[in-house]
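**Student:** Protein chains in written order, with the numbering used here: chain A, 1 to 78; chain B, 79 to 363.
Everything labelled a hint here was simulated from the structure, so no lab data went into it. You may find that some hints are simply not true.
[What the hints assert, rightly or not] Just some of the chain B residues that point at chain A, by a computed CB distance under 8 Å: (1) 114; (2) 115; (3) 121; (4) 136; (5) 137; (6) 179.
[Unchecked claim] Selected chain B positions facing chain A (Cβ under 10 Å, derived; list incomplete): (7) 112; (8) 113; (9) 151; (10) 164; (11) 177; (12) 180; (13) 183; (14) 185; (15) 187; (16) 197; (17) 257; (18) 310; (19) 315.
Predicted, not measured: the structure shown is a model, and the values here were computed from it. All C-beta atoms, glycine included, are put in the ideal place defined by N, C-alpha and C.
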Amino acid sequence: MGGTNGINAPDTLTVTVNGGAESTPVGSSLHDLIEALGFAGRPIAVEVNGDVIPRARFAGRHLVGGEQIEIVTFVGGG
Amino acid sequence: MSHSEAIVPGKQDSADLPLVVGGHVLASRLIVGTGKYATYEEMARCLEVSGTDCVTVAVRRERLVNTAGENILDHLDASRYALLPNTAGCYSAADAVRVARLGRELLRDMGSRSSEWVKLEVLGDTKTLLPDPVGTLTATEQLVADGFAVLVYTSDDPVIARRLKDLGAASVMPAGSPIGSGQGLLNPNNLRICLEYLKDGDPTYPVIVDAGVGTASDVAEVMELGADGVLLNTAIAHAQDPVRMAGAMRAACLAGRLAFLAGRIPRRLYATASSPDEGRIARPS
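From just these sequences and the hints, can you work out the full model?
**Tutor:** Shown next as structure tokens:
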């Protein structure tokens, strides 16, 4: 855990998603990760390392080990 | 138009201009939060009964488990309600700016008509949930530069209120009392000064009282003083009968607005009789 590539199998990388470690195959795009997490088609917004990534750029945004990803949605609030 | 035509019970005064804030025309002057309801069904019913056409939502991490669970957007018709994302829970300007951008992206992704606005909250501490004025000023400046219409939660301090307007806030939203406290309008005189400062030479500048409402008379009081709208959540969601309270808030908002437009009589120390002095019958001699 913790996003260092050293502990992964050679063909996976680890990113942090909403505060927890997630492994994904090397070469994965943001789109692939979101599909694997079951978020495809859901109302979400995504931030990688502090930058918002629009949905149209999910497929072209390739992931690097250790990146910090936030996936958010709307909830009730005042 | 005659005065009687202008006033239809239960409806907005048709002689009144609608509330325009952040480029959005709102038919109702009540903005209602979507938090703390027992169920989404109850929330949806309360929003309907309140007559609002603008609701606030918060931005939070999507759950990594139970993703088949319901989303609030399944229960909010985005074609009926303008969704106003907030930055609730942010204790720094930097966090608030990030959350505002995520909320904007969520709205853009939905194709929403209201994607470029935000209810900005930069909080000072968890106990009072009072705004951090320095962080609020900083975040307002950054979000305005980023193209946001910023509706900014602030204290009732008239000086900070004016600074926020000067920075380009689309609406300054003074708190009546602490968030969720139900204490109502603690300092009507500060609100009066805020209204005077913010509307000086700019009478349509929208000032919305955000936070602290406990019951319907609080809404009426705020509107009677000339606020352009009220934003509330807990007072409906945690009422014993939330749907009935939503109706009370709607009526109070309309009543307060009508009373403001009508212009109240001045307060006097002594009585003035409503019945004529003339023509009273004689005392028996």
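**Student:** May I ask which of the numbered hints given earlier this structure violates, with the numbers listed in increasing order?
**Tutor:** When the structure is compared with the hints, none of them turns out to be violated.
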